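Enquirer: Listed here are the chains, written in short residue letters.
There are 2 protein chains.
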Amino acid sequence: MSVDLELSPKQKRAAGERCCEPVVYPDVQRDHALRMAEVAKALGDPIRLQLVDVLHKHAGKVCVCELVPLFDISQPTLSHHLKKLRDAGIVDSERQGLWAYYYVIPDALEELSAWLS
Amino acid sequence: MSVDLELSPKQKRAAGERCCEPVVYPDVQRDHALRMAEVAKALGDPIRLQLVDVLHKHAGKVCVCELVPLFDISQPTLSHHLKKLRDAGIVDSERQGLWAYYYVIPDALEELSAWLS
DNA sequence: TATGTAGATAGATGTCCGTCGATTTGGAAC
DNA sequence: GTTCCAAATCGACGGACATCTATCTACATA
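Residue numbers (the working numbering), protein chains in the order written: chain A, 1499 to 1615; chain B, 1499 to 1615.
Source of the hints: derived by calculation from the structure; they are not laboratory data.
Given the structure is predicted, the values throughout are model-derived calculations rather than measurements.
Hints should not be assumed to be uniformly reliable.
Identical chains blur together in the list; that is why a pair holds if it fits in one copy or across any two.
When the alpha-carbon atoms are kept at most 20 Å apart in a straight line, the in silico SDA-like pairs for lysine to any residue are as follows [what the hints assert, rightly or not]:
hint, residue 1, residue 2
1, Lys1581, Trp1597
2, Lys1555, Asp1529
3, Lys1539, Gly1595
4, Lys1539, Ser1615
5, Lys1555, Gln1527
6, Lys1559, Glu1536
7, Lys1539, Arg1516
8, Lys1559, Glu1519
9, Lys1555, Arg1533
10, Lys1555, Val1566
11, Lys1581, Asp1525
12, Lys1581, Ile1571
13, Lys1539, Ala1606
14, Lys1539, Trp1597
15, Lys1539, Ala1586
16, Lys1559, Ile1545
17, Lys1581, Ser1615
18, Lys1581, Gln1527
19, Lys1539, Glu1564
20, Lys1582, Tyr1599
21, Lys1582, Glu1536
22, Lys1555, Cys1517
23, Lys1582, Val1562
24, Lys1555, Ala1598
25, Lys1555, Trp1613
26, Lys1559, Cys1517
Construct the complete structure from the given sequences, taking the supplied hints into account.
Expert: Next comes the structure, spelled out in structure tokens:
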């Protein structure tokens, strides 16, 4: 006949007791997380986040030459940030003559936005 | 008396015509953007994003020892990622004996979430 | 054809990041 | 006290990142 003893923490562990409920992570989430992390990483720079903010607030397309004076960085550096945003699928551009116009791709941020809610 | 001539692009530019509507960026947004970029940067790694996902789905607190086997990284690396999330103000931890329990700070992601919507 | 101009690319540099193995810290058990 | 254990920290290494200057590419003007 068994006695209702208080078990020591070590005995509890040995008996299979856990620190908390077991945690599993569904594989389905992994590539989902990968895509969202890519977007988050692109937004993880103050200048890029402000760029998206400006482009979004000007619902239309904004010329690069209007963006350059907004920040204290060189034109090539801004071009580099715009490329990062383009590579992440957040913005796209359109050329008209000498000028290039950038805009936020509709719903590009929706996946991340939905996850955060 | 002035004639209604078609101006060349260069003449237009010389006359002050712009490629698009002038764009200004309010200073108020800058520190706002800085804080959000910090959060986005912390989420900009697949493992950290999955960590937040797991912690959030387990509304309670999750023990580190349950998190380690979920990812193919060493325990010190996981600890490093948890520190990054803590530094960004996204998660916090609580120690109980040998074990450490992590949880998502309520509303830590709200600012970014609101901006994305 | 030659010149000017907007934007992208190339190359260099210093810093930050993700990862690891080894060690340290602080409780708990014997 | 000594041993065991979970988690954090340390030190190192390779790769990625933000930034710059200099150059290149298209296109438009003359």
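Enquirer: State for each hint whether it applies.
Expert: Hint by hint, here is what the structure shows:
1. Lys1581 <-> Trp1597: The answer is within: 16 Å in one copy meets 20 Å, while 44 Å across copies does not.
2. Lys1555 <-> Asp1529: between (30 Å within a copy, 17 Å between copies)
3. Lys1539 <-> Gly1595: neither (32 Å within a copy, 35 Å between copies)
4. Lys1539 <-> Ser1615: both (18 Å within a copy, 18 Å between copies)
5. Lys1555 <-> Gln1527: between (32 Å within a copy, 12 Å between copies)
6. Lys1559 <-> Glu1536: neither (24 Å within a copy, 27 Å between copies)
7. Lys1539 <-> Arg1516: This pair counts as neither: shortest intra-copy Cα distance 35 Å, inter-copy 33 Å.
8. Lys1559 <-> Glu1519: Close across copies (10 Å), not inside one copy (50 Å); limit 20 Å.
9. Lys1555 <-> Arg1533: between (24 Å within a copy, 19 Å between copies)
10. Lys1555 <-> Val1566: within (17 Å within a copy, 42 Å between copies)
11. Lys1581 <-> Asp1525: The answer is neither: 31 Å in one copy and 24 Å across copies each exceed 20 Å.
12. Lys1581 <-> Ile1571: Cα proximity of Lys1581 and Ile1571: one copy only (15 Å, versus 31 Å across).
13. Lys1539 <-> Ala1606: both (14 Å within a copy, 18 Å between copies)
14. Lys1539 <-> Trp1597: Result: close neither inside a copy nor across copies, 28 Å intra and 31 Å inter.
15. Lys1539 <-> Ala1586: both (9 Å within a copy, 14 Å between copies)
16. Lys1559 <-> Ile1545: Cα proximity of Lys1559 and Ile1545: one copy only (18 Å, versus 35 Å across).
17. Lys1581 <-> Ser1615: For Lys1581 and Ser1615, neither the intra-copy (28 Å) nor the inter-copy (23 Å) Cα distance is at most 20 Å.
18. Lys1581 <-> Gln1527: This pair counts as neither: shortest intra-copy Cα distance 27 Å, inter-copy 23 Å.
19. Lys1539 <-> Glu1564: neither (25 Å within a copy, 26 Å between copies)
20. Lys1582 <-> Tyr1599: Only inside one copy: Lys1582 and Tyr1599 sit 16 Å apart there, 36 Å across copies, limit 20 Å.
21. Lys1582 <-> Glu1536: Both: 10 Å inside a copy, 17 Å across copies.
22. Lys1555 <-> Cys1517: between (48 Å within a copy, 17 Å between copies)
23. Lys1582 <-> Val1562: Result: close within a single copy only, 15 Å intra versus 34 Å inter.
24. Lys1555 <-> Ala1598: So Lys1555 and Ala1598 pass the 20 Å test inside one copy only (18 Å; across, 43 Å).
25. Lys1555 <-> Trp1613: Close across copies (11 Å), not inside one copy (22 Å); limit 20 Å.
26. Lys1559 <-> Cys1517: Result: close only across copies, 10 Å inter versus 54 Å intra.
The earlier numbered hints that this structure contradicts are 3, 6, 7, 11, 14, 17, 18, 19.
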